[in-house]
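Following the working numbering from start to finish, the sequence shown increments by one per residue and tops out at 662.
To be clear, the hints were calculated from the coordinates, so they are not data collected in a lab.
Watch out, some of these pointers could steer you wrong.
The list that follows gives simulated cross-link-like pairs (lysine to aspartate or glutamate, EDC-like), each with its CA atoms no further than 20 angstroms apart [as the list claims (entries may be wrong)]:
no., residue 1, residue 2
1, Lys-286, Asp-533
2, Lys-172, Glu-227
3, Lys-304, Asp-336
4, Lys-623, Glu-613
5, Lys-304, Glu-267
6, Lys-304, Glu-433
7, Lys-172, Asp-160
8, Lys-172, Glu-207
9, Lys-172, Glu-251
Label-pair ranges, simulated between beta-carbon atoms [stated by the list, open to error]:
no., residue 1, residue 2, range
10, Val-571, Asn-592, 43 to 51 angstroms
11, Asp-151, Glu-641, 36 to 44 angstroms
12, Ala-326, Arg-306, 41 to 49 angstroms
Virtual Cβ for every residue (Gly too), placed ideally from N, Cα, C.
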Amino acid sequence: MLEHVFDEWSDGDLVAAVDDAHRQESMLMARKLAAIAELLGRRTEQELAVEQDAAAVMSGFNRTAAEVSAALNMTAAGARVLVGHAETLAVRLPAVAAALAAGHIDWRATELICARTELVTDAVIAEVDAAVAEQIGSWRCWSREKLITTIDAVVTSMDAEAAKARRAAAYDQRRVDVRPDLDGMARVRANLSRADGAVVDRRLAAMAASVCPNDPRTLMQRRADALTALGHGCLELACACGTPDCPVRDRAPAPVVPVVVNIVATADTVTGRSDQPGYLAGHGVIDAELVRELAREATRHLVGLPHVSLEQAHRYRPSAALARYIRTRDLTCRFPGCTVPAARCDIDHTEPFDHADPASGGLTVAENLGCYCREHHRRKTFDEGWRDRQLADGTIVWTSPAGHTYTTTPGGAALFPDLTGRHRTPDTEKVGTRRDQMCTTRHANTATRHRNRAAREEVRVRCWRNQFRRFREFFHGESTATKPSTSPFARFVNHPIEPEELEPNWQPPPLARSDPDEPPPY
Numbered sequence: 141m142l143e144h145v146f147d148e149w150s151d152g153d154l155v156a157a158v159d160d161a162h163r164q165e166s167m168l169m170a171r172k173l174a175a176i177a178e179l180l181g182r183r184t185e186q187e188l189a190v191e192q193d194a195a196a197v198m199s200g201f202n203r204t205a206a207e208v209s210a211a212l213n214m215t216a217a218g219a220r221v222l223v224g225h226a227e228t229l230a231v232r233l234p235a236v237a238a239a240l241a242a243g244h245i246d247w248r249a250t251e252l253i254c255a256r257t258e259l260v261t262d263a264v265i266a267e268v269d270a271a272v273a274e275q276i277g278s279w280r281c282w283s284r285e286k287l288i289t290t291i292d293a294v295v296t297s298m299d300a301e302a303a304k305a306r307r308a309a310a311y312d313q314r315r316v317d318v319r320p321d322l323d324g325m326a327r328v329r330a331n332l333s334r335a336d337g338a339v340v341d342r343r344l345a346a347m348a349a350s351v352c353p354n355d356p357r358t359l360m361q362r363r364a365d366a367l368t369a370l371g372h373g374c375l376e377l378a379c380a381c382g383t384p385d386c387p388v389r390d391r392a393p394a395p396v397v398p399v400v401v402n403i404v405a406t407a408d409t410v411t412g413r414s415d416q417p418g419y420l421a422g423h424g425v426i427d428a429e430l431v432r433e434l435a436r437e438a439t440r441h442l443v444g445l446p447h448v449s450l451e452q453a454h455r456y457r458p459s460a461a462l463a464r465y466i467r468t469r470d471l472t473c474r475f476p477g478c479t480v481p482a483a484r485c486d487i488d489h490t491e492p493f494d495h496a497d498p499a500s501g502g503l504t505v506a507e508n509l510g511c512y513c514r515e516h517h518r519r520k521t522f523d524e525g526w527r528d529r530q531l532a533d534g535t536i537v538w539t540s541p542a543g544h545t546y547t548t549t550p551g552g553a554a555l556f557p558d559l560t561g562r563h564r565t566p567d568t569e570k571v572g573t574r575r576d577q578m579c580t581t582r583h584a585n586t587a588t589r590h591r592n593r594a595a596r597e598e599v600r601v602r603c604w605r606n607q608f609r610r611f612r613e614f615f616h617g618e619s620t621a622t623k624p625s626t627s628p629f630a631r632f633v634n635h636p637i638e639p640e641e642l643e644p645n646w647q648p649p650p651l652a653r654s655d656p657d658e659p660p661p662y
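Please work from the sequences and hints to get the whole structure.
Dropping the structure here:
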């Protein structure tokens with residue numbers, strides 16, 4: 141049926157059709173969930189109307205799930221999850237449900253909101269619902285990780301004590317399981333805190349990267365072998381290239397390098413003046429109490445927009461301070477929907493750097509740098525169909541080959557608004573600088589202002605006098621040379637026509653200086 145429907149459509153029309161269908165899916169999903177919620181309400185009322193023993197056998201929730209399972213050909217477990225989401229949207233998250241019904245958010249993001257707010261107490265769920273719904277308009281091109289980060293930040297900031305209690309309870313459930321798997325393999329599953337998980341992840345990454353480029357194993361295979369090496373008590377991964385001249389085979393054992401885990405938080409959070417959550421790079425939001433625990437023995441760097449000199453702006457590579465700021469600001473790759481952490485991304489120029497003439501454009505400054513994973517870095521560089529443009533606050537506007545635009549905001553903007561704000565010079569400093577400039581140029585400005593005013597007045601008077609001279613000649617038909625005017629009030633009409641443009645070196649009479657001791661004329 142649809143075989144030839146799109147034959148005459150342009151690429152832009154096809155992309156618009158995809159986007160419109162996606163929006164309609166959200167609206168239809170909202171309608172389906174609203175119907176399920178209404179059915180659940182009716183079945184719950186029927187449950188309350190029967191005897192307690194009968195209700196215990198089949199609750200209203202289970203009866204609704206059974207009907208949904210049959211209608212949608214779903215498993216019983218899947219139907220119960222769907223009914224639970226419908227109840228959550230109807231009772232706890234009505235503002236989010238309204239956004240879904242309007243097509244402002246898709247079901248993927250709605251499902252994340254339901255899951256990440258499941259443990260929020262009833263006392264603050266209304267505030268969380270309103271805060272999340274207010275931000276939904278900016279989620280158009282956000283990845284799953286960015287959505288989780290933003291939702292967790294809202295939940296943690298509005299329910300800090302509950303977040304702390306949930307973290308403590310979850311920490312008590314930490315464990316490591318090693319179970320046999322198929323084909324002689326084993327499956328390892330660990331439940332650790334985010335900070336400890338980040339340490340393990342960075343250690344495995346460092347060991348996997350320590351072999352030579354000729355190692356035939358994939359990155360995931362090297363990480364698995366690194367975990368095995370740790371089990372054998374080794375902190376180094378042996379190279380498997382098999383060549384006799386391997387550059388890492390006979391090297392001396394390197395000293396153990398401490399694993400670096402980056403945490404971003406405001407100064408008020410670290411000092412205890414605020415409970416604003418922090419961010420564990422590559423792993424997500426952590427509550428303020430955990431930030432303070434980790435910060436006690438951490439090396440701290442003040443992250444802000446660093447001053448970039450003209451010489452640094454003309455270099456291809458950003459300084460360490462500028463690179464740290466860009467990664468903290470972006471958090472992930474800036475391509476729409478990409479989830480690669482900024483630590484594994486390249487820092488690239490939005491406007492290409494001109495190696496032949498750096499001063500002609502493409503400066504190495506914050507407003508022209510962004511984090512791009514290797515795949516999207518190559519696509520941006522070699523695929524001419526994709527174009528990006530960066531605004532002063534770090535927002536990047538992408539234009540696709542079909543002509544559609546997609547806007548991505550820095551990941552740090554939702555967590556730390558001050559990080560991407562325009563950095564203003566303090567008013568006291570600006571006033572002092574301006575006052576010094578005015579004192580230096582006051583006399584020159586006064587003379588220039590006097591000359592400009594006098595020049596305008598001189599031109600006006602000359603035009604006025606020339607107009608009278610032309611009127612006299614027009615009405616009397618006689619030249620002032622043959623018959624001059626005898627009027628004592630307009631002797632100037634006897635003079636020749638004056639030029640109505642001033643000479644380049646024309647100067648007015650000197651400005652009269654007032655005597656400060658002379659009394660005012662009133």
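To test your reading of the hints: which numbers does this structure violate?
The structure breaks hints 10, 11, 12; every other hint is satisfied.
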